[in-house]
Each structure stands twice: as C-alpha cells, then as structure tokens.
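Participant: Based on the sequences and whatever the hints tell you, model everything.
Those protein sequences? They're chains A and B, same order as listed.
Numbering follows my numbering, with no gaps: position 72 of the first sequence is 72.
To get my numbering, take the position in the second sequence, counting from 1, and add 1000.
Each hint should be verified, as a subset may be incorrect.
[Said to hold, decoys possible] Using 27 Å as the maximum straight-line C-alpha spacing, the simulated DSS-like pairs for lysine-lysine come out as follows:
no. : chain 1 : residue 1 : chain 2 : residue 2
1   : B       : K1102     : A       : K57
2   : B       : K1042     : A       : K57
3   : A       : K71       : B       : K1071
4   : A       : K71       : B       : K1042
5   : A       : K65       : B       : K1102
6   : A       : K57       : A       : K69
7   : A       : K69       : B       : K1102
8   : B       : K1071     : B       : K1058
9   : B       : K1058     : A       : K57
10  : A       : K65       : B       : K1042
11  : A       : K57       : B       : K1071
12  : A       : K17       : A       : K57
For the record, the hints were derived by calculation from the structure and aren't laboratory data.
So you can see what is in the structure, the chains are spelled out below.
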Amino acid sequence: EAQVTQNPRYLITVTGKKLTVTCSQNMNHEYMSWYRQDPGLGLRQIYYSMNVEVTDKGDVPEGYKVSRKEKRNFPLILESPSPNQTSLYFCASSLRTGWNTEAFFGQGTRLTVV
Amino acid sequence: GENVEQHPSTLSVQEGDSAVIKCTYSDSASNYFPWYKQELGKRPQLIIDIRSNVGEKKDQRIAVTLNKTAKHFSLHITETQPEDSAVYFCAPTNAGGTSYGKLTFGQGTILTVHP
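Facilitator: Dropping the structure here:
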C-alpha cells in the first residue's frame, strides 16, 4: 500500500531534550516536506527537500533541522525543543509530474514540549 | 513568496445547502490549484485540483473554478452533507517552477454542516 509513515504518533518531552520524528514514504517520490499545524494558522511549511541531499527552508525553519540521505526518508530533528514547538506535525511527499504536485501526508505527530 | 488567503475562515450551513470557499493568491506564476480536506483527527487529503489552462472542474458534488486574471480560485460544494464537515485548505503552486517545493497553504476554512 502506497503511504507516508510518521513515527511516533504522540510524543511528550521536556524542554531541551533532543528528539527526532521519522518520516518514510514507499512511493519513490522525489519531493518531501514537513509542516506544523497550529489552530488558526493552517499548515506552515518547516523544511522541504527536492531530492536526496537537497533541502531548503520553508516559512518556519527556526529550531528545526532535517536531512535527506535516502530518497524514502526525511527525518525532522529538534535539537533543543522548546514549549513553542508544541504542535501537530505532518510529513508529506509528492511526485512532481509537471503539472501536478499532489501532496500525500503522513498520519501526523502530536508533540508536546513541557 | 506566495501570499495565500482563504475566506471565510469558518462556514456553517444546513444540510443540503451549498458552500463556497475562496482562495486568493499573489504569485501570477502559479499554475496548479488544489483543495485539500482534513477531517477531524485525520491527515489532509486532496479532493480536487485544477490546472491553469482550465476554468472549471467538477467531480460529483464538488467543483473548483479558477479566475487567473483576478488570481483566485474557489471550492464549491453542493447538496452538503454532515460528512462534508471538515477543514479545507487551498495550496496554489507553480508546479513547473524551480522552487515548486516551497508550498504555501491557506489558513484553512472550517466547514460545519448541520443536519
């Protein structure tokens, strides 16, 4: 089954404790990205990757890191989480076919930083 | 970068009524116009999209119309049902551009359909 898988689904952590949220897709998509979703603010892009070893900042990259060493994986790293990073996070992938960049989303990761 | 605005932010209708959500964008190079639906507790999923060379597209009870000159596109839902209750997002894109990866979503519209 074609899918985007995020782990973990739920995470509660303490301020300053490094964490990684994993994202994996099995559709051979070049493009992957991370979003955070907060009430009233919609989906805001954190980082995106056009292909292996190619990443770039989205609209809200501060406090986050990413890497794209393999095509299927795009982990999100919070080196020193803070309470303002409490949010719902989504990973997405898409296959660029010229005119269609439909995004396929993972199930989401609800992160709470205390 | 792309500035995207959705209106209204919330919409409440009675079952059977029609609902219209409008998305305004700033980048005249945008050429792909999708709408995503996010049900409560679920992930966003594409429900309909349109390319810049098409003015309107319909799929059963939903349709999308595009006005490239005015830089806006709209989602139309007819004969609304309670299962249409969700948050809807637009995400206009320059699918052929070199920076197509930088995707900007609208703030979302919460649609509530009352039985």
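Participant: Just pull the numbers of the violated hints for me, sorted ascending.
Facilitator: 3 and 9
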